[in-house]
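*Asks:* What follows is the residue order along each chain.
2 protein chains.
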Amino acid sequence: MVLAKKALVTGAAGFLGSHLCRRLIADGYEVTGLDNLFTGTKSNIYDLLGNHRFSFVLHDVTQPFWGQFDEIYNLACPASPIHYQKNPVETIKSSVLGMMNMLDLALKTKARLLHTSTSEVYGDPLVHPQVETYWGNVNTIGIRSCYDEGKRCAETLCADYRREYGVDARMVRIFNTYGPNMHPKDGRVISNFIMQALSNEDITLFGDGSQTRSFQYCDDLVEAFRRYMTLDRDVIDAFVARHGLGAAVINTGNPGEYTIKQLAEETLRQIPESTSKLVYAPLPKDDPKRRKPDITLAKELLGWEPKVPLREGLAKTIEYFRRLA
Amino acid sequence: MVLAKKALVTGAAGFLGSHLCRRLIADGYEVTGLDNLFTGTKSNIYDLLGNHRFSFVLHDVTQPFWGQFDEIYNLACPASPIHYQKNPVETIKSSVLGMMNMLDLALKTKARLLHTSTSEVYGDPLVHPQVETYWGNVNTIGIRSCYDEGKRCAETLCADYRREYGVDARMVRIFNTYGPNMHPKDGRVISNFIMQALSNEDITLFGDGSQTRSFQYCDDLVEAFRRYMTLDRDVIDAFVARHGLGAAVINTGNPGEYTIKQLAEETLRQIPESTSKLVYAPLPKDDPKRRKPDITLAKELLGWEPKVPLREGLAKTIEYFRRLA
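In the order they appear, the protein sequences are chains A and B.
Heads up: the first sequence at position 252 corresponds to 252 in the numbering used here, and the numbers run straight through without jumps.
Heads up: the second sequence at position 32 corresponds to 32 in the numbering used here, and the numbers run straight through without jumps.
Among these hints, one or two may not hold up.
Since the list gives no way to pick out one identical chain from another, each pair is judged satisfied if it fits inside one copy or across any two copies.
As the list claims (entries may be wrong) - List time: in silico PhoX-like cross-link candidates among lysine-lysine, alpha-carbon distance up to 25 Å: (1) Lys86 <-> Lys108; (2) Lys277 <-> Lys316; (3) Lys185 <-> Lys277; (4) Lys86 <-> Lys110; (5) Lys261 <-> Lys307; (6) Lys6 <-> Lys108; (7) Lys316 <-> Lys261; (8) Lys108 <-> Lys5; (9) Lys185 <-> Lys86; (10) Lys261 <-> Lys277; (11) Lys42 <-> Lys185; (12) Lys261 <-> Lys42.
Don't read these hints as lab results, they were simulated from the structure.
In this text the structure is predicted, and so the values were computed from the model without any measurement.
Isolated chain A, as found in the complex (with noise of 0.2 Å):
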């Protein structure tokens, strides 16, 4: 008999957390998903719950926390505005030492280790599209820092215990992503446009709607997950060197881009009842700019590139949000 592989994954009641684990499961995987249930929901994971392959451990991951595993998934972090602005110290906390505590574990254990780091690195970035040696521009001080510097900080750690340790680390930069259990009221531009398109409010587009985006579904990016990780950590390391990366970091995302116009009309195509009408307002200062993933390098080392159309991820998430309503 064959032991199952043993999968660890913070984050796990969130929204990305919840599609991995289901995902680990079908694989094989016996999970265990750590969440403090900040902004993660049992809701998520309902299906989960009775699962004898799955064990939910209500936990901060500020916290250590101890375990035998193969495979660690690092995903805990607020990683809405809305949601870290309301707890700043919190939500770098959870980066910090979320990170330290899964690399101590990881160091002592062997095992290996995914962190998801994010776009939000890049910051408001000057260099498009963005590649993974283009080292950001990022306010050390400002509203947003609290998530933007910690996931700096985390990554660094993550770079140190793999150069000073050899803790077997890999990190993806995480693009834009959306799907079902997205959080309804996280204030993104998916979730926003459903939502008032469902409950026949206006959808209102800033300027006049041209800015694009590019929005990567939850499925293409697990398959991402999953590729990397079972990659062997020699093919890691001759990747890393080959492209003179300081560590094993790639982006993720679906460089396809929309504007936000295309997005809003697309999302009532797809709900013909709303009433719905689309408005016009002034462009805010600080909308943001323009963030477009290169994924050169993932395609080269996972043989990966986003699969999902945004019409077919958008109607599984509309299809979700009505579930909810």
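Keeping the supplied structure of chain A fixed, place chain B upon it in accordance with the hints.
*Replies:* Structure of chain B alone, referenced to chain A:
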């Protein structure tokens, strides 16, 4: 009888910490000095150890520390690449966990806190001279990142504890500083040149030696610390608001620029018995670019600017190194 004010200094046995402790005692404070003696050394504070108003505590700031103080000065962190690259994980932990512990202490005891950040938060700057509102150009995953990103993260913690919990945290970004009690092997240009001249080794200039640096004498910096900490909180708050800063942060450094060749020549002039010669080597690719502080804000807030000329500061530093040898 008026009770003496109580100050806590972390990194008390380091280069800057030792000067600050001496100054605080001269100013009438009771001083508690913490140091883990990783890069600091008791020889920097021998003269204080018998002083009844000074207490040395061998303590690592990554662990909580409790005590009742009016003012906390957070200086603990290996600051020379030679030191911090030996132990990058401990370096970033001393910045980040040390900061959390000191902020938590300030929060619980309502102490005023001064955190010493660094010009390294600007990284390899694209803006000259550096102003406080410049966001910097820093690699998250390189071999210097443990210091740079640890210090950036500490700034974010300061800013967020101030905004979220009202901690009276003030920050300085310290530019290149020198003086007695510098570590003779910390790899900085001033200690290198003096040590080479004193031991009659040739002094190596890279390129033609025309690249410039600025040098702040330690006493000037300590004067800035003291002025900053005597200001009432409402003065600081008004200043932060007036300048649209996200936190109470000012540059402290000496904006005077000297070429590396001028520094070498002045060093040799002050060590006339030296048989060292100037020798030239090709400019390495990663020779640090020019970094120069804009100190407009410090002048406005503190009525402060550096007073000690390089010639005079260098003489005191050479005297120190002579005694050491």
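*Asks:* Confirm or reject each hint.
*Replies:* Tested hints:
no. : hint              : verdict
1   : Lys86 <-> Lys108  : between (34 Å within a copy, 21 Å between copies)
2   : Lys277 <-> Lys316 : within (22 Å within a copy, 74 Å between copies)
3   : Lys185 <-> Lys277 : within (20 Å within a copy, 69 Å between copies)
4   : Lys86 <-> Lys110  : between (36 Å within a copy, 22 Å between copies)
5   : Lys261 <-> Lys307 : within (22 Å within a copy, 59 Å between copies)
6   : Lys6 <-> Lys108   : within (16 Å within a copy, 41 Å between copies)
7   : Lys316 <-> Lys261 : within (20 Å within a copy, 67 Å between copies)
8   : Lys108 <-> Lys5   : within (18 Å within a copy, 45 Å between copies)
9   : Lys185 <-> Lys86  : within (13 Å within a copy, 46 Å between copies)
10  : Lys261 <-> Lys277 : within (12 Å within a copy, 69 Å between copies)
11  : Lys42 <-> Lys185  : within (16 Å within a copy, 55 Å between copies)
12  : Lys261 <-> Lys42  : neither (34 Å within a copy, 66 Å between copies)
Hint violations for this structure: number 12 only, all remaining hints satisfied.
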